[in-house]
Amino acid sequence: MSDESPTSTLVSLHGINRTFYLGDSKVHALCDVNLTIAHGEYIAVMGPSGSGKSTLLNLIGLLDRPDEGTYMLEGRDVTTLGADELAAVRSERIGFIFQSFHLVPRLSAAANIELPLVLAGFSKTERAKRVSQALQEYGLTDRANHRPNELSGGQRQRVAIARATILRPAVLLADEPTGNLDRVTGEEVVKLLEKLNAQGMTLIVVTHDQTLGARARRQIRMVDGGIARDVTNGAVVPNDAP
Amino acid sequence: MLLADAGRFALQAIISHRLRSFLTLLGIAVGIAAVILLTSIGEGVHQFVLKEFTQFGTNVVGISPGKVKTGGQPPTGFPTTARLLTMEDANALKKLPNVTGASPTVWGNSEVEANGRLRRSTIYGVDADFMHVFSAKVQTGSFLPAEGAGSSRAFVVLGSKLRKELFGTENPLGARVRIGGLHFRVIGVLAPKGQFLGVDLDDTAYIPAERALELYNREGLMEIHVLYKEGASSAAVAEAVKQRLKLRHGREDFTITTQEDMLKTLSNILNILTMAVGALGGISLLVGSVGIVTIMTISVTERTNEIGLLVALGARRRTILGLFLSESVILAVLGGVMGLLFGIGLAQLLHLLIPSFPVHTPWRFAAVALVVSGVIGLLAGVLPAVSASRLDPIDALRAE
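From first to last, the protein sequence lines stand for chains A and B. Residue numbers for the first sequence follow the working numbering, so the first one is 1 and each next one is one higher. Residue numbers for the second sequence follow the working numbering, so the first one is 1 and each next one is one higher.
To be clear, the hints were calculated from the coordinates, so they are not data collected in a lab. By construction, the Cβ of each residue, glycine as well, lies at the ideal position given by its N, Cα and C atoms. A couple of the hints might just be wrong.
[Claimed, not checked] Derived DEER-like restraints, expressed as beta-carbon distance ranges:
1) A:ARG168 x B:LEU286: 46 to 52 Å
2) A:ASN180 x B:VAL290: 38 to 44 Å
3) B:THR301 x A:GLU68: 29 to 35 Å
4) B:THR297 x A:GLU150: 25 to 31 Å
5) B:ALA4 x A:LYS129: 15 to 21 Å
6) B:LEU280 x A:LYS129: 40 to 46 Å
7) A:ASP24 x B:LEU286: 40 to 46 Å
8) B:ILE283 x A:ASP84: 39 to 45 Å
9) B:LEU353 x A:ALA128: 49 to 55 Å
10) B:ALA276 x A:ASP24: 32 to 38 Å
11) A:LYS26 x B:GLY7: 41 to 47 Å
Work out the full structure: start from the sequences and follow the hints.
Structure representation (structure tokens):
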């Protein structure tokens, strides 16, 4: 953190601990995690099941709170924010992409993309403008009025990405974005995400897929709730604990 | 989130399960229809009964002798000490302020003979003021003239039915009629009045009260009807009557019943009746609202994923709560509107099939029914909506 200017730091985690209770057993999902992410990074988080990848992603995405430690998002301590303030930050700064797309089945592709705008209270005309632009950008204009069940897997994930990015978030969190797609469409989706990253959007991908993980400039390997290895372009980054 | 968007979102969710939503709102519709139909019938009966009573004019105060309403020998065996109501009492009451008339009343049942025919009819001994008390209209001739005490002539006015029975189509005016042992001359016929609670009001004859006292060998009147000015307070008139009679009798040995009080009491009883039948309909409404709770609970469970997604997209807890609440309110209000149309339709159909059956749907009830269905939707939606808004987004997103 000391070697980076605060403006370029997007996420900074310090001494994060998160424990779950599953019945009687205690699961230490995150164990004293320290992590700094700069604006515009392309990060792959990898590791075996139960290593805490998803918990880390949910925590960065403000869906979860740490039991201990501080989380600064764009220089702002978000661990102390109330539920409504967190919702506002999620709405403006964070985009989620899920393995199973999570499209609302009764809504058309356009209405799904419109959803964040609706929740944020944008006017109808403004929404229509932004949605038609997004449909065009993601090549979905002719599928705008189709329901999710009338779309192919690749199209569904494109709709999900369009939805995640319509409010131009600072960070895009993708949890196994290609997990439900075949190789070819998976490749398309990854290229699309990388294009967004090239435009300056920070991209954090959680994946099991080694080849997908290898494409990221920075790879974080997690084992048993801790960061085991943090490599940027082949060079090991020292754990930047204070 | 804008309100219109929330409404649209909720409506889309309802439409996406057409049959299920329809069946759910049908539950509310049946409940509202039942309430509307039953209260319509209750209100119809209410108005019907009140109309029966108000045909006699509402600004009337009745005075009967004795403080207790039971006539005859007192059960103790002692003779009653109540003073009788007399013609003089009636005349004294005529002079009170705001009083426009006071009719002494004596009635009985006698044989009426005229034109070679004989019929048993109800005989009323009254005076000229009775016309107004009874809201009666004269068809031919005139009613009993206002005459000084002790000089009433032996005139009779016939009810329309009695006239038809005795004289058919002949002109009865001037004819001689024998009632009991006395002879009377017909001076008028009243317009038909119809029936009152099963009693034929046209099978009657009206003679001067003094003649009736003589006919039935009575010393006192059975009742005095005091008519007061429209708009005057019935309580004030009743009080004035009471004071005057107390002065004349030395104590309160009579009973005053104002028509207004009687109608009010009657109206209250009928209102309770209407409410009671409405409550019966309310039970089906309750069942309908349980249906909404059920379907909303199922809906929240089914859409756990969607709720998680909305939270991830930046929806506040309050927004989620509002979305599910508006869904159940829309369901209930749609059901309410449907039930309203259904209920009014049924009530009108009933009225069409049985025209004599009193049915009346006041708009007040319709408005209340709509508000009630909205409130039901709100209440029924609270539990599922709160559980939706409290879902942990991570679990919700993971749920399949």
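Taking the hints in turn, this is what the structure says about them:
no.: 1; hint: A:ARG168 x B:LEU286: 46 to 52 Å; result: holds (50 Å)
no.: 2; hint: A:ASN180 x B:VAL290: 38 to 44 Å; result: holds (39 Å)
no.: 3; hint: B:THR301 x A:GLU68: 29 to 35 Å; result: holds (34 Å)
no.: 4; hint: B:THR297 x A:GLU150: 25 to 31 Å; result: holds (30 Å)
no.: 5; hint: B:ALA4 x A:LYS129: 15 to 21 Å; result: holds (18 Å)
no.: 6; hint: B:LEU280 x A:LYS129: 40 to 46 Å; result: violated (56 Å)
no.: 7; hint: A:ASP24 x B:LEU286: 40 to 46 Å; result: holds (43 Å)
no.: 8; hint: B:ILE283 x A:ASP84: 39 to 45 Å; result: holds (41 Å)
no.: 9; hint: B:LEU353 x A:ALA128: 49 to 55 Å; result: holds (53 Å)
no.: 10; hint: B:ALA276 x A:ASP24: 32 to 38 Å; result: violated (57 Å)
no.: 11; hint: A:LYS26 x B:GLY7: 41 to 47 Å; result: holds (45 Å)
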